[in-house]
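If you read the protein sequences in the order shown, they are chains A and B.
The numbering used here applies: residue 5 is where the first sequence begins, and numbers increase by one.
The numbering used here applies: residue 686 is where the second sequence begins, and numbers increase by one.
You can take every hint at face value.
Anything over 10 Å on all C-beta distances counts as not near chain A; from chain B, calculated:
1) Val748
2) Ser797
3) Leu814
4) Ala815
5) Gln829
6) Lys848
7) Gly852
8) Arg864
9) Lys866
10) Thr891
11) Pro892
12) Pro908
13) Ser938
14) Pro948
15) Gln974
Restricting the straight-line Cα-Cα distance to at most 25 Å, the calculated cross-link-like pairs of lysine to any residue (SDA-like) are:
16) Lys755/B - Asp72/A
17) Lys755/B - Asp233/A
18) Lys709/B - Arg234/A
19) Lys758/B - Gly727/B
20) Lys863/B - Ala241/A
21) Lys782/B - Arg66/A
22) Lys736/B - Arg73/A
23) Lys755/B - Glu61/A
To be clear, the hints were calculated from the coordinates, so they are not data collected in a lab.
Bear in mind that the values here come from a model prediction, so they are computed numbers and not experimental data.
Every residue, glycine too, gets a C-beta built ideally from N, C-alpha and C.
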Amino acid sequence: MAGLELLSDQGYRVDGRRAGELRKIQARMGVFAQADGSAYIEQGNTKALAVVYGPHEIRGSRARALPDRALVNCQYSSATFSTGERKRRPHGDRKSCEMGLQLRQTFEAAILTQLHPRSQIDIYVQVLQADGGTYAACVNAATLAVLDAGIPMRDFVCACSAGFVDGTALADLSHVEEAAGGPQLALALLPASGQIALLEMDARLHEDHLERVLEAAAQAARDVHTLLDRVVRQHRAELRGGHRLVLGAGFPAADPAHLHVGERHGLHHGGGAVCGRRPCPGFCPGLRRPPQEVGGSASGLA
Amino acid sequence: MAMEMRLPVARKPLSERLGRDTKKHLVVPGDTITTDTGFMRGHGTYMGEEKLIASVAGSVERVNKLICVKALKTRYIGEVGDIVVGRITEVQQKRWKVETNSRLDSVLLLSSMNLPGGELRRRSAEDELAMRGFLQEGDLISVQAVFSDGAVSLHTRSLKYGKLGQGVLVQVSPSLVKRQKTHFHDLPCGASVILGNNGFIWIYPTPEHKEEEAGGFIANLEPVSLADREVISRLRNCIISLVTQRMMLYDTSILYCYEASLPHQIKDILKPEIMEEIVMETRQRLLEQEG
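Hey, can you work out the whole structure from these sequences and the hints?
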């Protein structure tokens, strides 16, 4: 698109961020009571929901059981309303399969599968709104969900995307920046040891720049780790304090308030209806009191 | 027909629970617990380059030289002597596969099953063929667990255990069921409850006379009276409210919660405000009873 500057002279991106700045991250664990583990994450306008079942007995063919490890089964699904144009995606289409495979490779590297031989762990991820960085949001949501389910993992898996424009590496690309056609890299990192679980790039980038882009993505992933760590501790503090009311099937839906998706809007509309702004800009301009959020932008967390 | 609708409201944090220690050492995966190599590593940890690292999100527990991390929510991990309630998923040669909310389906061998009438004899080939007549897919049973190679092995050696008849099943997290001497309780309100260690709770009407229970094979299909059914529904809702407030489940807490809920209608118990009120009253009574 001619005329659209991805990076202005003063160093600001299209949405006003700096080159290395992440979008606002908000996450919640334990959103479904009927699944073993579940989590919801919002990275800017990208929203992803992850649900984990397991470890449980292998369903389907017994022959797939591995005698010394657990089988990790990942499925990715993108809602029809997740992109700008409504698009019906059949379940087994190429993009979903590829994402599922990438997620499986990422989590097989992180989950300690030797502890659960002959069982199966299912991870289902659904993208509710796609505004760039969907792989990263899926991995982050799935990490929280696996943690919620109590499945042993080597470390968190934190992911972020990165790009390269005008000699500067950008972290956490939004849809506008991805659509502009520059190189994009997706990185999934185990922060404590610095090991890379998955690195994916499908564009042309000069090898001299690779180092910089990789470093920007790694730093962004470490910042994501700081935020996710805070989310987990807060969730645990809530659980210990006993003030979590969780919605679940089998228990009649007594209180739709605990579907937190409407929560932020409900705050400033006086407990009334969810505001009808489409598309959701990711923040509420009419807010008098700041929403109860658990994450924040990671600027200055270098 | 009256309908009830609610609009979304912000979640309000409740006051801190009394007497609960929040000072435990909380870790997340990837956190180093200790660099001292003198400790033995237990569940929830792994050894990585000279350091002991946590692998689940939970609190660190130390028993002498053993360090383990207990996760907040896991599937049921079987221990010898536990009572569990399970559902048959498969009938195989010489054994049944039982779903008990654990990592693998549990196994109930034909030889571990008590025969109708309580007779003791070797299981013959006819017994094998008649397995489906005893227990089919979908039946609920209460058994005692014997932990073995990863899959829990079950047996129903005494006549107390066996197939369950009419009642209500509530599935909760295994960590909320308190370990006690006995898990079969006859509550004074008129129903009985089996608190399975795997988080499956079975509520059923108290049988009138405790005759020689025939190992539970004869399913009692007489219609249950309305009064009994109301007691059972109320108990089920009380258990659910205790669970959503993360309180431990045992006979005393369930009973106090039942009594606290009597002024309300059964269907109102699940409304958040009433749930909080009932559980707070229960908590109060339990504290008074302890201290």
